[in-house]
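Enquirer: For the protein sequence lines, the chains are R and E, in the order given.
Just so you know, we're using our numbering here: the first sequence kicks off at 18 and counts up by one.
Just so you know, we're using our numbering here: the second sequence kicks off at 4 and counts up by one.
Be aware that a few hints might be false.
List time: in silico DSS-like cross-link candidates among lysine-lysine, alpha-carbon distance up to 30 Å [stated by the list, open to error]:
| hint | chain 1 | residue 1 | chain 2 | residue 2 |
| --- | --- | --- | --- | --- |
| 1 | R | Lys70 | R | Lys35 |
| 2 | R | Lys55 | E | Lys63 |
| 3 | R | Lys58 | E | Lys103 |
| 4 | E | Lys103 | R | Lys53 |
| 5 | R | Lys58 | E | Lys71 |
| 6 | R | Lys53 | E | Lys63 |
| 7 | E | Lys71 | E | Lys55 |
| 8 | E | Lys63 | R | Lys58 |
| 9 | R | Lys58 | E | Lys59 |
| 10 | E | Lys103 | R | Lys39 |
| 11 | E | Lys103 | R | Lys36 |
| 12 | R | Lys57 | E | Lys80 |
| 13 | R | Lys39 | R | Lys53 |
| 14 | E | Lys103 | R | Lys57 |
| 15 | R | Lys39 | R | Lys57 |
What follows is a list of derived Cβ distance ranges for each label pair [what the hints assert, rightly or not]:
| hint | chain 1 | residue 1 | chain 2 | residue 2 | range |
| --- | --- | --- | --- | --- | --- |
| 16 | E | Gly4 | R | Pro78 | 19 to 25 Å |
| 17 | R | Asn74 | E | Gly4 | 17 to 23 Å |
| 18 | E | Thr54 | R | His96 | 37 to 43 Å |
| 19 | R | Lys35 | E | Gly12 | 36 to 42 Å |
| 20 | R | Lys57 | E | Thr74 | 24 to 30 Å |
| 21 | R | Pro78 | E | Thr74 | 31 to 37 Å |
| 22 | E | Asn62 | R | Ala56 | 23 to 29 Å |
| 23 | R | Gly31 | E | Ser17 | 44 to 50 Å |
| 24 | E | Pro43 | R | His96 | 28 to 34 Å |
| 25 | R | His96 | E | Glu19 | 48 to 54 Å |
| 26 | E | Phe21 | R | Thr24 | 38 to 44 Å |
| 27 | E | Gly4 | R | His96 | 31 to 37 Å |
| 28 | E | Arg111 | R | Pro86 | 34 to 40 Å |
| 29 | R | Ala56 | E | Thr29 | 23 to 29 Å |
Quick caveat, the hints were computed from the structure, so don't treat them as lab data.
Just so you know, even glycine gets a beta-carbon here, dropped at the ideal spot from N, CA and C.
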Amino acid sequence: DTEVTQTPKHLVMGMTNKKSLKCEQHMGHRAMYWYKQKAKKPPELMFVYSYEKLSINESVPSRFSPECPNSSLLNLHLHALQPEDSALYLCASSQGASGGWTGELFFGEGSRLTVL
Amino acid sequence: GNSVTQMEGPVTLSEEAFLTINCTYTATGYPSLFWYVQYPGEGLQLLLKATKADDKGSNKGFEATYRKETTSFHLEKGSVQVSDSAVYFCALTLTGTASKLTFGTGTRLQVTL
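Extracted from the complex, chain R is given alone in its bound form (with noise of 0.2 Å):
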């Protein structure tokens, strides 16, 4: 199983809502990561997790919170959100990071958020 499986694919919001978007792998992967894609943009880091510790944030506001349950999935947890936090969100897994860092990232296809 090489998959990264994110969940919804598609989401819409108000700016009061609390929503969470859910990643899962089950590769064996001790790393996870949160990346946000605006259209025509790279993706920009947001949230590393290694061995279910957060290891890097990328100073994202806190209406962002993210949670590592067990080492195959990995949340992220929507609270009063504002338009411009409209974005592809993709979920991504590696080996390791730190030490075991290679740079290879294996990518979920990614939950389309919109904040109205």
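Starting from the known structure of chain R, arrange chain E on it as the hints suggest.
Expert: Frame of chain R, contents of chain E only:
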């Protein structure tokens, strides 16, 4: 700082044409270099990589050679297909940058019959 510069797109080619997408980089150390591809409606996939100077990465008919003297990693394919239509991202990472990839802005390739 570290950065990756790619040629502006879109690149439009006829099927079976030769493809070159230029990529140059600036890095403070000795980076590993990558090409990722994003097909419509999908996430990114690693296409090929090279970890040191003069290495050639190859996959699915695509090739790129790590040129330290010109700080380049140009992507080439001898004969493109309609199914190659996608956005191509050049990227680098440095040892010790702990899980960070620096991406270029992406180049959209459109292949027509």
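Enquirer: With reference to the structure, classify each hint as holding or not holding.
Expert: Hints and how they fare:
Annotation: proposed proximity of Lys70 (chain R) to Lys35 (chain R) holds, straight-line Cα distance about 23 Å (limit 30 Å). Simply put, Lys55 (chain R) and Lys63 (chain E) have alpha-carbon atoms about 28 Å apart, close enough for the 30 Å limit, and the pair holds. A hinted pair counts as satisfied when its Cα atoms are at most 30 Å apart, and Lys58 (chain R) with Lys103 (chain E) qualifies at roughly 17 Å. As the CA atoms of Lys103 (chain E) and Lys53 (chain R) are separated by approximately 14 Å, the hinted pair is consistent with the 30 Å bound.
With a C-alpha separation of about 26 Å, the suggested pair Lys58 (chain R) and Lys71 (chain E) falls inside the 30 Å cut-off, and the hint holds. Note on Lys53 (chain R) and Lys63 (chain E): the hinted pairing holds, with a Cα-Cα distance of about 28 Å set against a maximum of 30 Å. The straight-line distance between the Cα atoms of Lys71 (chain E) and Lys55 (chain E) is roughly 8 Å, inside the 30 Å bound, and the hint therefore holds. Between Lys63 (chain E) and Lys58 (chain R) the alpha-carbon distance is near 25 Å, which keeps this suggested pair within the 30 Å criterion.
Distance hint between Lys58 (chain R) and Lys59 (chain E) is fulfilled; the C-alpha atoms sit about 27 Å from each other, no more than 30 Å. Proximity of Lys103 (chain E) to Lys39 (chain R) is assessed by CA-CA distance (about 22 Å); at most 30 Å being required, the pair is judged to hold. With a C-alpha separation of about 27 Å, the suggested pair Lys103 (chain E) and Lys36 (chain R) falls inside the 30 Å cut-off, and the hint holds. A hinted pair counts as satisfied when its Cα atoms are at most 30 Å apart, and Lys57 (chain R) with Lys80 (chain E) qualifies at roughly 23 Å.
Under the criterion of a C-alpha separation no larger than 30 Å, the hint pairing Lys39 (chain R) with Lys53 (chain R) is consistent with the structure, at around 14 Å. Straight-line distance between C-alpha atoms of Lys103 (chain E) and Lys57 (chain R) comes to about 20 Å, which keeps the hinted pair within the 30 Å bound. About 24 Å separates the Cα atoms of Lys39 (chain R) and Lys57 (chain R), which keeps this hinted pair within 30 Å; it holds. Range check, Gly4 (chain E) to Pro78 (chain R): Cβ separation about 23 Å, and the 19 to 25 Å hint holds.
Between Asn74 (chain R) and Gly4 (chain E) the C-beta distance comes to about 20 Å, which sits within the given range of 17 to 23 Å. About 41 Å separates the C-beta atoms of Thr54 (chain E) and His96 (chain R), a value consistent with the hinted range of 37 to 43 Å. Separated by about 38 Å at the C-beta atoms, Lys35 (chain R) and Gly12 (chain E) satisfy the suggested range of 36 to 42 Å. Distance hint check: the CB atoms of Lys57 (chain R) and Thr74 (chain E) are about 25 Å apart, consistent with the given range 24 to 30 Å.
Checked against the hint of 31 to 37 Å, the pair Pro78 (chain R) and Thr74 (chain E) passes, with Cβ atoms roughly 35 Å apart. The hinted window of 23 to 29 Å between Asn62 (chain E) and Ala56 (chain R) holds, with their beta carbons roughly 27 Å apart. Range check, Gly31 (chain R) to Ser17 (chain E): Cβ separation about 46 Å, and the 44 to 50 Å hint holds. Restraint check, Pro43 (chain E) to His96 (chain R): a C-beta distance of roughly 31 Å satisfies the suggested window 28 to 34 Å.
Remark: the range hint 48 to 54 Å for His96 (chain R) to Glu19 (chain E) is upheld by a beta-carbon distance near 51 Å. Roughly 40 Å separates the CB atoms of Phe21 (chain E) and Thr24 (chain R), a value that falls within the hinted 38 to 44 Å. Checked against the hint of 31 to 37 Å, the pair Gly4 (chain E) and His96 (chain R) passes, with Cβ atoms roughly 33 Å apart. In this structure the hint that Arg111 (chain E) and Pro86 (chain R) lie 34 to 40 Å apart at CB holds, the actual value being about 37 Å.
One distance hint, 23 to 29 Å for the beta-carbon pair Ala56 (chain R) and Thr29 (chain E), holds here, with the actual separation near 26 Å.
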